[in-house]
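K.L.:
If you want the building blocks of each chain, they are given just below.
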Amino acid sequence: NAGVTQTPKFRVLKTGQSMTLLCAQDMNHEYMYWYRQDPGMGLRLIHYSVGEGTTAKGEVPDGYNVSRLKKQNFLLGLESAAPSQTSVYFCASSYSRLAVIADFEQFFGPGTRLTVL
Amino acid sequence: DQQVKQNSPSLSVQEGRISILNCDYTNSMFDYFLWYKKYPAEGPTFLISISSIKDKNEDGRFTVFLNKSAKHLSLHIVPSQPGDSAVYFCAASALGTYKYIFGTGTRLKVLA
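As given, the protein sequences belong to chains A and B, one line each in that order.
Count along the first sequence starting at 1, add 11, and that's the number in the numbering used here.
Count along the second sequence starting at 1, add 2, and that's the number in the numbering used here.
There could be a bad hint or two in this list.
Claimed, not checked - Computed far set for chain B versus chain A, every beta-carbon distance over 12 Å:
#, residue
1, Gln16
2, Asn24
3, Asp57
4, Arg63
5, His78
6, Gln83
7, Leu97
To be verified - Dumping the calculated BS3-like pairs for lysine-lysine here, alpha-carbon to alpha-carbon at most 25 Å:
#, chain 1, residue 1, chain 2, residue 2
8, A, Lys82, B, Lys101
9, B, Lys73, B, Lys58
10, B, Lys58, B, Lys101
11, B, Lys101, A, Lys68
12, A, Lys81, B, Lys73
13, B, Lys58, A, Lys68
14, A, Lys20, B, Lys39
15, B, Lys56, B, Lys111
16, B, Lys73, B, Lys39
Just so you know, the hints here were simulated from the structure itself, not pulled from any lab data.
Owing to the predicted nature of the structure, the values given are computational and were not obtained by experimental measurement.
Even glycine gets a Cβ: it sits at the ideal position worked out from N, Cα and C.
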């Protein structure tokens with residue numbers, strides 16, 4: 012049981028380049044999330060998904076796109092990277108809050124450190 | 003508008019003593035609260051949670067207290083250990099919104 016995995020772990024991009032971050036979970040969770048963490052800012056939600064084929068905007072969606080074609084995967088795309096997108100990106104997943112279970116915590120991946128020059 | 007606030011960026015505590023981490027929120031619709039611990043170069047890991055129908059939840063050395071009228075929650079760690087040194091995030095969720103709102107984190111350092 013791998014939990015939540017993210018690829019790649021590190022990446023350096025030049026301004027204007029594009030890339031896709033992959034998140035995979037093997038816990039059959041309905042919900043998946045992409046966050047970015049910046050110093051002094053905590054975790055800010057970029058986009059999220061409440062099920063296969065659905066996506067929604069979070070707090071800081073500009074400059075990012077996402078897709079959830081399969082329940083276990085959630086992709087985050089940067090079409091034209093900018094230095095302001097230098098950050099650590101975390102993917103997370105969780106059960107639906109409508110599920111009859113005790114805890115609704117999010118499980119996080121190890122993060123992707125992205126630098127845009 | 004910061005809906006979840008952790009006003010202390012850092013905290014130092016002696017080993018064996020109590021660590022108290024605080025979190026305030028502004029949205030009265032939040033009904034579920036969580037604490038996460040984060041070590042450098044790792045993703046956050048879930049520590050403990052509390053539903054708004056309770057005012058206390060314990061798990062070993064960790065206890066979370068919720069004061070709904072004050073919109074305040076706190077995490078108590080007793081006794082504190084050097085391995086507890088990490089960044090702690092509180093998060094809040096409202097049923098039906100699907101989202102978790104995180105605070106900015108408090109860096110705890112437990113001194114041996």
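K.L.:
Report the numbers of all earlier hints that the structure fails to satisfy, in ascending order.
P.N.:
7, 12, 13, 15
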